[in-house]
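Engineer: Sequence:
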Amino acid sequence: MNTMNTMLAQQMVALAEQDRALLDELAASGEIPSADYHPRVRALHQANAERLSAVIDRHGWPGKDTVGDDGSEAAWYIAMHAVFDVEFMQRCCSALIQAVAAGQAPGWQLAFLEDRIRVLTGRPQRYGTQFEIGDDGWPVPSVIERPDDVDRRRQALGLEPLSSRLARLRGPSVAGPDDELRRSA
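The opening residue of the sequence shown carries number 14 in the working numbering; numbering runs sequentially from there.
Derived from the structure by calculation, the hints contain no laboratory data. Backbone N, C-alpha and C fix where the C-beta goes; we use that ideal spot for every residue, glycine too. Treat the hints with care, since some could be wrong.
Claimed, not checked - Label-pair distances were calculated between CB atoms; the ranges are:
#1 S107 / S47: 30 to 40 Å
#2 M17 / E145: 30 to 40 Å
#3 A180 / T16: 33 to 43 Å
#4 R165 / A34: 29 to 39 Å
#5 T134 / A60: 41 to 51 Å
Make the full structure from the sequences, and use the hints.
Structural biologist: Next up, the structure:
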């Protein structure tokens, strides 16, 4: 039985597209990046998080059977940008854990969201998905918990080895399994 909610899927995608469009507009005007959370961005992120919260209350995590792959990825994108409310992000992460276990969302989404929460709360990340700019101007992973095990954890959630990801970040742009959706996360 197909339980896809096309209207909800379109809404999730539209919210994420509005976010991307606003970020593109502000970047083009030079208003971001900046040390401050731009008020228009914050307002949009808050509104999107409120809508996603209502969806989770009603449906649980909007997984692929409910909103399709694009809608589910859009929900993840919204959760990733709710940096003003770590408790909400943690709630999303709990719902996403269940969705991944049920095959309703890909594991990479969980890796990115969990790492984002950990970095925001001053804890080492587990999957090496979050980067900062090193002294040499190149991206380096934020502190990683038990770095010797990072590739095993990454593989378990469908991510390439961290060394491969770093090589692509530092080398010619070659699309790989960590790229398209994560470039804006």
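Engineer: With 29 to 39 Å as the target window, see if R165 and A34 comply at their CB atoms.
Structural biologist: 38 Å, holds
Engineer: Cβ-Cβ distance between T134 and A60: within 41 to 51 Å?
Structural biologist: 24 Å, violated
Engineer: CB of M17 to CB of E145, is that within 30 to 40 Å?
Structural biologist: Cβ of M17 to Cβ of E145: about 39 Å, so the range 30 to 40 Å holds.
Engineer: I want to verify a distance hint. Is the separation of the beta carbons of A180 and T16 within 33 to 43 Å?
Structural biologist: 41 Å, holds
Engineer: 30 to 40 Å was suggested as the range; check whether the CB atoms of S107 and S47 agree with it.
Structural biologist: 32 Å, holds
Going down the numbered hints, you'll see the structure goes against just number 5.
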